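Asker: Once you have looked at the hints, place chains B and C on chain A.
Protein chains in written order, with numbering that gives the first Met the number 0: chain A, 0 to 326; chain B, 0 to 348; chain C, 0 to 423.
Calculated from the structure, these hints are not laboratory results.
Please note that the accuracy of each hint is not assured.
Stated by the list, open to error - Straight-line C-alpha distance at most 27 Å; calculated BS3-like pairs for lysine-lysine:
id	chain 1	residue 1	chain 2	residue 2
1	A	K315	C	K127
2	C	K331	B	K143
3	B	K42	B	K97
4	B	K255	A	K46
5	B	K7	B	K255
What the hints assert, rightly or not - Pulled a few chain C residues facing chain B out of the computed Cβ check, cut under 10 Å:
id	residue
6	L259
7	H287
8	A291
9	L309
10	L311
The model shown is predicted, which means the values in this text are computed figures rather than measured ones.
No residue lacks a Cβ here, since even glycine has one placed at the ideal position from N, Cα and C.
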Amino acid sequence: MAVMTLIEGLRQGMDEALAADPRVFIIGEDVGARGGVFRATQGLFDKYGGDRVIDSPLAESSIVGVGIGAALAGLLPICEIQFADFIYPAFNQIVNEAARMYYRSAGDWHVPLVIRVPYGGGVGGGLYHSQSVESLFAHQPGLKVVVPSTPADAKGLIKAALYDPNPVIIFEPKKGYRGIKGEVPEGEIVTSIGAARVARMGGDVSVFAYGMMAYYAEQAAEMVAVEGIDAEIIDLRTLAPVDRESILASVRKTGKALIVYEDNLTLGYGAEVAALIADDGFEFLDAPVRRLAAPDVPATPFSHPMQDFFMINPDKIAAAIRELAAY
Amino acid sequence: MTQKTLDKPSAYLSEATLHAILRAMLLSRRFDERAWLLHRQGKIVFHASAMGHEAAQVGAVFAIHRGVDYVCPYYRDLAMMIALGWGARALMLDVYAKPGGISSAGRQMPNHFSDRRLGVVSTSAPVAVQVVHAAGMAFAIKYKARLGLPTPDDAPRLALTTLGEGSTSQGDFHEALNWAGVHTLPLICLVENNGYAISVKLQAQMAIRDVSERAAGYGIHGAVVDGMDALAVYDTVYEAAQRAYNGDGATLIDAKVYRFTPHSSDDDDRSYRSREEVEAARANDPILRLRQTLIDLGALTAADFEEMDAEVRSEVDAAQAEVEAMPDPAPEDALADVFAPGRVDAWQS
Amino acid sequence: MNDVLMPQLGESVVEGTISRWLKRVGDPVRAFEPLLEVSTDKVDTEIPAPTDGVLLEILVEAGQTVAKGTRLAVIGAAGESSAPKHESAVSDATAPHITPVVARMAAEYQIDLAQIVGTGRGGRVTKKDVEAYLAQKQSAPPLSAAPWDIPGSGDLFSAKESAPMPTPPAAPNMTAPPPAAAPRLHPVEPIPPQTAGELIPHSPIRRQIAEHMVMSALTSPHVTTVFEVDMSAVMAHREAHKAEFATQGVNLTLTAYFVLAAVAGLRAAPMLNARWTDEGVFVHRVYHIGIAVAVPDGLIVPVIKNAGDLSLLGAARAVNDLAARAREKQLKPDEVRDGTFTITNHGVAGSLFATPLIHQPQVGILGVGVIEKRVKVVTDSLGGDTLAIRPCCYLSLSFDHRVADGAAGDGFLLTVKRALESWT
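Bound conformation, chain A alone (with noise of 0.2 Å):
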């Protein structure tokens, strides 16, 4: 198997899709000639050209209002939303239009859409280039919301993203896009949408994460295994559906819960998984739940000092794991 890394996986997930299906086209801000600003789909519009590799007008909500009309009348369109932090213009589209479609009209239209959108900080990126906004989406029943945290899973999920009749939105740690690397299997893989990944097993913690966090989690799993501390590491990876059976079962074996996200605290994808955990693993648990998460202030900030403060590392979520066994 290949070593690549995170976007190259992606990068072939889209170009055998595009190969093997005349009905998949790219459109978005600079995806053509320019390859995209992070370059995931480079060599794409030399290799299917401008009808197939669309760079759009810049204007989020048509990008993805003209790929819901697209996929309505039967082709199978990936809408690259430039950064997570501009996605608010196209919000309604996505909510309003392309997750309720299928239930409004009772099962008669439906939105085979795929929408990437890379996310998250660490990236000196600012307020606007760093922001992660997935528990708006997976907030909203008839969306789809993945996150890929492997060059494998990156290039699985796009496919299987595309090969689902609802629309799905692909969150990519933008920060791993080139330091995650990883093993990808040749031609056709499909993740499953709705099942997490067991990063690291492990007997006395599990830690809930997804995306760059879940990356962090497994480094900070190594750091504080030398120390005897054996966390398991559950990769969420598809955040809606939620794999609660996994979450569960994780919890059961451990009776202590972690949950890493690099969202604001409050009402952050997390919240929900500890709600899942209260709800349905209440009697397994041996510690209370903990999250670890952004403080609540705006956005990331800029400053480097600060962005730091801002953003969860490995360190912080190795401390974390320690507290929560030492109790």
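Answerer: Relative to chain A, chains B and C alone:
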């Protein structure tokens, strides 16, 4: 042969088709009147009217491949739905929110139309969103042609979308028409301009006289038409349709209409417009105008009209009797259809 | 040993004052026997002893006010020392608690948690402590039997992630389709050398027609049925209106009558305005009528869209316009596609009837033979038969027998015949 202007496409319509146009408008009107009564009787909870808009809606639909081409309508388009093939029964199912309702099986308020078999995309309530969907569907038509994807001969060749003039203030309207211009899309954007966005007058909505003036800003065609004249609308939309079918791009049409009723059953228009203004507009009723035109052409007699009117009234009566007696949806039906099951069909080259 | 605690004497009451002690240290006490008197904002009451024993120690003297839950005294066996308890009195408010899982395990295995030494924070008995305790006890059920310890009970350990999926059939490279090799229509004998004659290379249109005709013949089981039509009414109507149409720039062609009659026939026999699919017969909603037009190097079929909406004038204008532009090769791509039914006027050169090949994927094609005067037996209003000379023609309908049967084909032609013979 009477005096028709033969450079107009409508001059070539058969008598049967002219009757069909008039009948669709009349059925819409009679249903509409009944819906207001049902609302005041407390039998239904909401209605939004097409009265005054019938010519624009029906004339437009008869100029495209109706039931084949894509249509992204808005909440006032009940005459349009009739022109596309609906009867009083389908409309009645929606206003009574019955399980057999085609639009949403009781999930949406009435007037939020959908019918995939007729190419009609489900409508929501935030305005102008559907213009972007129509641009996307038009984009798909062009995409399939450019890539040589196999499409059946009866596939849609254009997307028609409608909206009120107030909705043209939305960003989505701009974004959609910008796409249509950039990609030369087979799109018709028909603005049913009745001069009021609920209560807000045109002058408070835009600083131009005709919405179609904006077409130039998008590099697409613009046209203004008397939306109270069904055949004039037919002619204008017909031309736009040929433009779309032949790859010559999109058209933005400003159809001047007048809304004879309040915005919806929850609105009281006496607070923002005079009774005199409404009465004056009623003298220009699109149904009476088409009736007179057809009589002048020798294509209709007063007796024909009376017969047609009696027939559509009885259709409305029968639909109400049938639908009112139907059971309501099972409460737990609220939980169905959140996600489409399965996976998209594999590509067959 | 048992502690005597300051009770909460009312919903909003949080403290109480010791009025007086009713027993002294060393006195024996019985459960429920009054031990002391307490005064609060709301009530003054006696506090009963919680248990039998000896009052070992009084911790709060009369006159003092303390919070609810405060230890007031210790009752135990005679001679028992209360000293250790006394020392821990201060930290009792934060005594180690029992977590949900530990409580549940204790109940399930009937464990007295007091027998387990806690290793958690503040001496808390942790789940691991319970597990270690159970492991020591031979009588305890095997630890692995506990349901929360069975791995893989959820999706967690199933190997479903990254499961390989069947590869969908490969699609052609859509960006650069290779030039398709001309398909062999049927085995062709090579022409022997020196054969006298001349090879005329295929024009694109010739090749296209050839491919389509072979495909059509191989695709549909064709059946042809023929009716004869008396064209008197149409000819009379045409004579009467020809000049009027001409003033409007429209040549009132006979084809226009056939187009409208065909639409009437299709309304009566919808299965002929349809197409075959593997899932079922798709019946069209629109009437798009193709008109086969001979052009110098072959045949082209422009389509009158929505012919069902047109008047005779409209149909005639459309026929004029499309035929003229077909001959001038000025048709737009949209004007030669989407047909749902086709008419071919093979009689133009004298042909009586024909077995036309269907324009795929349509279901039917109507052939119109030459109109010529024929001697017909006609019955007058009194029932008498006479010979009459009438303009007549044969109408040949070929249809796809997969989709329609003879009844549909004949129903179509009967409607067309009646429409034409009764034209007014």
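Asker: Decide, hint by hint, whether the structure agrees.
Answerer: Outcome of the hint check:
1. A:K315 / C:K127: holds, 25 Å
2. C:K331 / B:K143: holds, 18 Å
3. B:K42 / B:K97: holds, 13 Å
4. B:K255 / A:K46: violated, 48 Å
5. B:K7 / B:K255: Holds, at roughly 19 Å.
6. L259: Interface hint status for L259 of chain C: holds (8 Å vs cutoff 10 Å).
7. H287: It holds, given that the least Cβ distance between H287 of chain C and chain B is near 8 Å, below 10 Å.
8. A291: This interface hint is violated because 16 Å lies over the 10 Å limit.
9. L309: At about 6 Å, which falls below the 10 Å cut-off, the nearest Cβ of chain B leaves the hint on L309 of chain C intact, so it holds.
10. L311: holds, 8 Å
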